[in-house]
Amino acid sequence: DGGITQSPKYLFRKEGQNVTLSCEQNLNHDAMYWYRQDPGQGLRLIYYSQIVNDFQKGDIAEGYSVSREKKESFPLTVTSAQKNPTAFYLCASSDRGTTNEKLFFGSGTQLSVL
Amino acid sequence: DAKTTQPPSMDCAEGRAANLPCNHSTISGNEYVYWYRQIHSQGPQYIIHGLKNNETNEMASLIITEDRKSSTLILPHATLRDTAVYYCIVRGQYNQGGKLIFGQGTELSVKP
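So the protein sequences, as listed, match chains A and B. Take the first sequence: its letters are residues 14 to 127, numbered as in this note's numbering. Take the second sequence: its letters are residues 48 to 159, numbered as in this note's numbering.
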C-alpha cells in the first residue's frame with residue numbers, strides 16, 4: 014500500500030541528546046513537510062521541502078534540523094537546542110504542482126523528555 | 048495564503064447533519080479551500096476541497112459562498128466516528144508545496 018510511514022511511534026529523549034524521527038513515503042511525492050502539534054493546539058510548520066536536496070524553514074524551525082537526500086525520505090532531528098521538545102510530530106507529503114494538491118499524513122511520533 | 052477562522056468547538060447529535068463554518072475573508076481568486084480532519088492522536092485526513100463551486104464526495108459536501116469569503120463543511124449524517132478536529136485551510140492553486148498553515152480547527156463532538 015502507498016503511504017507515509019513515521020517511526021518510531023513513541024520516542025523518549027534524555028536532556029542534551031539529539032534524536033531523529035524517521036519519515037518515509039512511497040507515493041512519489043516531491044513535497045514533504047514536518048509539523049509539530051502540542052496538546053489541544055493546531056499544527057505548526059517546522060520545515061518543508063519541495064524537492065530533493067532543498068528545504069525551507071517553517072514557522073518554528075529553531076532547535077530542529079532536516080535533510081532531503083532522497084525523494085522518499087525526510088528525517089527530522091530534534092537537537093539539544095530545542096528546550097521544549099515534548100510534542101506530537103507529524104510528517105506529510107504532497108504531489109507538488111497539481112491543482113489537486115492534497116496532503117497525506119503519517120500516523121505521527123510522540124516525543125517525550127525523560 | 049489566506050488565514051481562516053473557525054469556531055473552537057461544536058456539538059452534533061448522531062444521525063443529524065453537522066455544519067462546520069469557516070471564514071476566509073482575505074481569500075484571493077486563485078486560492079482553494081481545503082478541509083482536513085484529525086481523530087485524536089492520528090495524522091490528519093483529507094476530506095474535500097473546492098474553488099468556487101459546491102463540491103460533494105463520499106465523505107462530505109462543501110458549500111462556498113458566492114463572494115468566497117466563507118464556506119461550510121457538511122457531514123450529512125454524522126456518526127460517533129466523525130468526532131474529530133476539523134481544519135479549514137486555504138491555499139493557492141500554484142502553491143506547489145509551499146507553506147501550509149493550519150489553524151486551531153473546530154472540535155466536533157458527535158453525541159448519541
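Just so you know, these hints were derived from the structure itself, not from any lab. Any given hint might turn out to be false.
Claimed, not checked - Derived DSSO-like pairs (lysine-lysine); straight-line CA-CA distance at most 30 angstroms: (1) Lys116(B) <-> Lys96(A); (2) Lys70(A) <-> Lys50(B); (3) Lys115(A) <-> Lys116(B).
Stated by the list, open to error - One side of the interface only, derived from the structure: several residues of chain A facing chain B at Cβ under 7 angstroms: (4) Phe25; (5) Ala94; (6) Gly121.
To be verified - Taking CB as the label site, the calculated pair distances span: (7) Thr92(A) <-> Ile110(B): 39 to 49 angstroms; (8) Thr103(B) <-> Phe25(A): 42 to 52 angstroms; (9) Lys96(A) <-> Pro55(B): 26 to 36 angstroms; (10) Ser20(A) <-> Asn101(B): 18 to 28 angstroms.
In this text the structure is predicted, and so the values were computed from the model without any measurement. The C-beta atom is built at its ideal place from N, Cα and C for all residues, glycine as well.
Hints versus structure:
Under the criterion of a C-alpha separation no larger than 30 angstroms, the hint pairing Lys116(B) with Lys96(A) is inconsistent with the structure, at around 39 angstroms. The straight-line distance between the Cα atoms of Lys70(A) and Lys50(B) is roughly 19 angstroms, inside the 30 angstroms bound, and the hint therefore holds. Between Lys115(A) and Lys116(B) the CA atoms are separated by roughly 21 angstroms; this keeps the pair inside 30 angstroms, and the hint holds. A cut of 7 angstroms between beta carbons decides the hint on Phe25(A): the least distance to chain B is about 17 angstroms, and the hint is violated.
Annotation: interface hint on Ala94(A) violated; nearest CB of chain B at approximately 22 angstroms, more than 7 angstroms. Taking 7 angstroms as the C-beta cut-off, the interface hint given for Gly121(A) holds, the closest approach to chain B being about 6 angstroms. At roughly 45 angstroms, the beta carbons of Thr92(A) and Ile110(B) sit within the given window of 39 to 49 angstroms. With their beta carbons about 45 angstroms apart, Thr103(B) and Phe25(A) fall inside the hinted range of 42 to 52 angstroms.
Separation of Lys96(A) from Pro55(B) is about 28 angstroms and conforms to the stated range, judged on CB atoms against 26 to 36 angstroms. Take Ser20(A) and Asn101(B): their Cβ atoms lie about 40 angstroms apart, and the range 18 to 28 angstroms is violated.
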